[in-house]
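So the protein lines, in turn, are chains W and F.
Take 9 as the starting number for the first sequence in the numbering used here and just add one per residue.
Take 570 as the starting number for the second sequence in the numbering used here and just add one per residue.
Since the hints were made in silico from the structure, they are not lab data.
Treat the hints with caution; some may be incorrect.
[Claimed, not checked] Label pairs and their calculated CB-CB ranges:
| no. | chain 1 | residue 1 | chain 2 | residue 2 | range |
| --- | --- | --- | --- | --- | --- |
| 1 | F | Val579 | W | His33 | 47 to 57 Å |
| 2 | F | Pro862 | W | Val21 | 22 to 32 Å |
| 3 | F | Val579 | W | Ser185 | 36 to 46 Å |
| 4 | F | Ala826 | W | Ala82 | 53 to 63 Å |
[Claimed, not checked] Beyond 12 Å from chain F on every Cβ pair, some chain W residues (computed):
| no. | residue |
| --- | --- |
| 5 | Arg16 |
| 6 | Ile65 |
| 7 | Gln101 |
| 8 | Leu109 |
| 9 | Ser170 |
| 10 | Glu197 |
| 11 | Asp212 |
Glycine is no exception: its CB is placed at the ideal position from the N, C-alpha and C atoms.
Residue-level listing of the chains:
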Amino acid sequence: MQAAISVREVTKVYVEGANQIPVLHGVDFDVEQGEVVLLMGPSGSGKTTLLSIMGCILRATSGSVKVAGREITALRERELPPIRLRSIGFIFQGFNLFPTLSAGENVELALDLKGVRGPRAKDEARRLLEQVGLSSKYDALPADLSGGQKQRVAVARALSGSPSVILADEPTAALDSHSGRNVMEIMRELAHTYGRGVVVVTHDSRVLEFGDRIVHMEDGQIVEAPSALEIPKFLPGADVTAGAPQALRG
Amino acid sequence: MPPLARRNLVHDKVRLAVTLTGIVFAVVLIVVELGLFVGFTVTTSSIIDHSNVDLWVVSKGTPYIEQGAAFSERKLYQVLATPGVASAEKYIVRFTQWKTPEGAQESVQVVGFNPYHAIGGPWNVVEGRVEDLKTPDAIMLDELYKKKLGVTKVGETFELNGRRARVVGFTRGIRAFTTTPYVFTSFKNAQAYSDLSEDQTFFVLVRALPGTSIPDLQSRLEARVKDVDVLTTAKFSSMTRIYWMFTTGAGVAVLIAALLGLVVGVVVVAQTIYATTMDHIREYGTLKAMGAPDSYIYRVIIAQAGMSAVAGYVLAMIVSVFIVRASRSAGAAILLPWQMAIGLFFLTLLMCVSAAVVSINKVTSLDPAMVFRG
């Protein structure tokens, strides 16, 4: 089966004036369809840069990145937004909802970008909100929703147009444990039931049980999936025995 | 598209109020200045424009109506003898002195015409009749200048260039650009009031026979009548307007003020739309990250600017109508013809959309990766 995302030998070097700051050093990484991958590591390890490259928001300095089987590194700048629009759904730490639009309209906006408009967009937005358990909140403004509800609206928005990949940046960081679990359950369902490749950048030890695979990054490189005993080194306070994912328990 | 532009616009009521105030201020300023310009322009040539004749015979080199020079009335007969002329009348427009009841002197412009044919006579008569000017010493003036000239009612007598003048009626809205009121009277009276010899006139107004080619008649008159210029009404009107509005610089000053209004409007609106854009910059970054093309975001910003323009224009027109009405009883007319009102709508739209360009530049350079930064 084709990988949802395939990253090979990717490097990223930021140039600031005369300084060159290498951030990624030859990263190899695959995300399969139907799996939830937790991308973990200390701050500055390159997680967000890798997420941005996989999301076609940043360009790799070298290497190969394939999204839904399409090589994107050779594409021109203006060819990237359509890939993002068609193949990738984003979920952000701060939800990034449009505060002046209702929950339903936030989803409709994403659908509008993908060419779904009018009554069809309304119906689809209702269906997506229902999928995340918020069918009754269609007309609610983000300000009137709890953090968990906001993030679920963001998930519904990310699902518009059925992207093959969902990229989430610290989606549970601003949520209480109940809401965080709720969001992660939806993510897992998206992967396992709907076959999407889901990548979650997180520092949150509470979400470990939802990952099919944990990938650890350090100093711009992928470190092998950590053993259960090693997790506390980079996740202070993690309850490994209760929260470790299937892959680590086995 | 969900109503993102409208919601963003009305979300911050204070900012919306500032934006609309800026647009209203700019548009009203432009209306006042352009309205004054139009008012001045119309006023400078109103006597010519209301003459209802085809051609004006003026002494050679006359640049505008107030600068007419006297010539022999024998030329009137040469004009009348020219094929294609239906009628021709002598006409006077001349500065002279009015003495108020308090003894003060005021400059006025005597307009002398033939009251039997009413060519070049007063219009918008609100009290009295044009025929009343057939009587000796009869004059008619605009009610705007009653106070200035010390007139209160019909029947009062005054001194005009040392001669008796009796008010027989009033007009409404006949302003003089030079602030010297027009005083309508018969040609005979006007000759006396302006110390003009009995066999002289300043102008001859010509009406052509129906079906006559005006340019052809103009050529025939120029060939037959020596030492005069024969001008179409439109040409003489235009010469007079250009003289007062541009040669004197009065119109240029008003136009510059209108331009300043436009600049102020663009700056104020640009600033407020930019501030609104910055308020929503993270949202625009999110849109870009999601894959929205720049054009999609431009449409949101331009729609905001367009909505601001429409709302600001409507409010500005309401304010402007009050100002225009108030100006009717004032010395300077502010006119707002419908063509100008429509033109201003598009100008307002252009002003607001140009103001959005700064914001569009900002969004163009926006890095979508900002969404991953805290």
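| field | Non-interface label on Arg16 of chain W, tested against every C-beta of chain F at 12 Å | value | holds, 22 Å
| said: Just to be sure I understand the hint, the distance between the Cβ atoms of Pro862 of chain F and Val21 of chain W should be within 22 to 32 Å; is that true here? | reply: Cβ of Pro862 of chain F to Cβ of Val21 of chain W: about 28 Å, so the range 22 to 32 Å holds.
| Gln101 of chain W remote from chain F - nearest C-beta pair above 12 Å | violated, 8 Å
| said: For the hint 36 to 46 Å, verify it against the beta carbon of Val579 of chain F and that of Ser185 of chain W. | reply: holds, 37 Å
| Against chain F, does Glu197 of chain W keep a CB gap of more than 12 Å to every residue? | holds, 22 Å
| Far enough from chain F: is every CB of that chain over 12 Å from the CB of Asp212 of chain W? | Holds, because the least Cβ-Cβ distance between Asp212 of chain W and chain F comes to about 15 Å, which exceeds 12 Å.
| query | Holds or violated: is the Cβ of Leu109 of chain W farther than 12 Å from all Cβ atoms of chain F? | reply | violated, 6 Å
| query | Taking the minimum C-beta separation from Ile65 of chain W to chain F, is that value above 12 Å? | reply | Violated, because the least Cβ-Cβ distance between Ile65 of chain W and chain F comes to about 5 Å, which does not exceed 12 Å.
| query | Does 53 to 63 Å hold as the CB distance between Ala826 of chain F and Ala82 of chain W, or does it fail? | reply | holds, 58 Å
| said: Please verify that the nearest CB of chain F lies beyond 12 Å from Ser170 of chain W's CB. | reply: holds, 14 Å
| request: Indicate whether the distance between the beta carbons of Val579 of chain F and His33 of chain W respects the range 47 to 57 Å. | output: With Cβ atoms ~50 Å apart, the hint holds.
Violated hints, in rising order: 6, 7 and 8; the structure is consistent with all others.
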